[in-house]
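Colleague: Chain order of the listed sequences is G and P.
Numbering-wise, my numbering puts 36 at position 36 of the first sequence, and it's gapless, one number per residue.
So the mapping is simple: my numbering equals the position in the second sequence, first residue as 1, plus 1000.
Everything labelled a hint here was simulated from the structure, so no lab data went into it.
Just so you know, not all the hints are guaranteed correct.
[To be verified] With a Cα cut of at most 20 Å, we get these calculated EDC-like pairs of lysine to aspartate or glutamate:
#1 K1094/P to E1112/P
#2 K1105/P to E1124/P
#3 K1121/P to E1088/P
#4 K1105/P to E1088/P
#5 K1010/P to D145/G
#6 K1005/P to E51/G
#7 K1011/P to E1056/P
#8 K1030/P to E1124/P
#9 K1013/P to E148/G
#10 K151/G to E1007/P
#11 K1010/P to E148/G
#12 K1013/P to D145/G
#13 K1030/P to E1110/P
#14 K1005/P to D57/G
#15 K1099/P to E1056/P
#16 K1005/P to E169/G
#17 K1011/P to E162/G
#18 K1005/P to D108/G
#19 K91/G to D114/G
#20 K1011/P to E50/G
#21 K1011/P to D177/G
#22 K63/G to E51/G
#23 K1087/P to E1097/P
#24 K151/G to D138/G
#25 K1010/P to D155/G
#26 K151/G to D130/G
#27 K1005/P to E154/G
#28 K33/G to D108/G
#29 K1030/P to E1014/P
#30 K1010/P to E1088/P
#31 K1013/P to E3/G
#32 K1013/P to E169/G
#33 K1087/P to E1112/P
#34 K1105/P to E1057/P
#35 K91/G to E148/G
#36 K1011/P to D145/G
#37 K63/G to E1124/P
#38 K1013/P to D108/G
Below, each chain spelled out in residue letters.
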Amino acid sequence: MLELALHILDIVENSVRAGATLVRILIRENRAKDLFLMRITDNGSGMTPEERQRALDPFYTTKKVRRVGLGLPMLSEATERTGGRMTLRSKPGMGTVVTAEFGLSHIDRQPMGDIASSLIATIVGNPGSDFIYRHEVDGRTYLLDTRELKKALEDVPLNHPEVTGFLREHITEGLSDIGAAA
Amino acid sequence: MAKLKIEDLKKIKEKVHSQTALREGGQRAKVTVHMGTCGIASGAREVLNALMRVIEETGVSDVNVTTSGCMGLCSREPLVTVEMLGKEPIKYEKMDEMKMRQVFKRHVLEGEIQTPFVLAKGAEIVR
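Next up, chain G with everything else stripped away, as it sits in the complex (with noise of 0.2 Å):
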């Protein structure tokens, strides 16, 4: 993966298919200790203490279409290599929470990327789950609730191209306002 905003893409991806019905992302910039952690936290079906064992295996998953699962093993790799590290904490029937902390600094550390172009593909993707995406620079956050937006538009879909539209310079102006790093 070029940059986290896909690795979110990804997890997130896991989420939905664990049957979550929200979503709950956060990244956490903080200069003064240099870390960058990211946390994705989910209602779904969560895992068993062994599932979850197995889940940083490459060649464990729970597909059947094919013998490789790659997505939470390059996260992790992707942690170790700035300094930092992944943990996964889950629970049957509560949900899973998946916690990658960067080194901010770190001259391996991917960049964040196109986050904008992530949520809307989450979102577009499943417009049956909500997302709440937090976005917090030094004290400074961002907040993005699916929740509210669909309260505001009411019968409009989510992924009426107006709608992506909005969201995007939204989230590109929010992100910008905030300082995020790149």
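With chain G held as given, fit chain P onto it using these hints.
Modeller: Frame of chain G, contents of chain P only:
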């Protein structure tokens, strides 16, 4: 503070309502961009972006855009499935932004299958 507010969505809602009141009807096609880890790593997000942009440009409102997971042919990603109403689905392989625009304009809008990019006809069977 963002200059764009969630309240602005109300204006969008009113605009969309005034437009859709004029034309009602079913969907002419469903376009699925496969978004597994393999698809994402090989550019599926950019393909989806290109698709949404060309829909916006052409002002088409009866095409359903969706995403799905990996179907086991990771080496042929990015994959896109075009399903015209009442026809068999067509799977396109190794897509990029330009191919996506071409498939949308020629296949979805004009019904002409773009054979050079076709992987297969029909739906996948997941065992």
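Colleague: Against the structure shown, which of the earlier numbered hints fail to hold, in ascending order?
Modeller: 2, 6, 14, 18, 19, 20, 21, 23, 24, 29, 30, 31, 35 and 38
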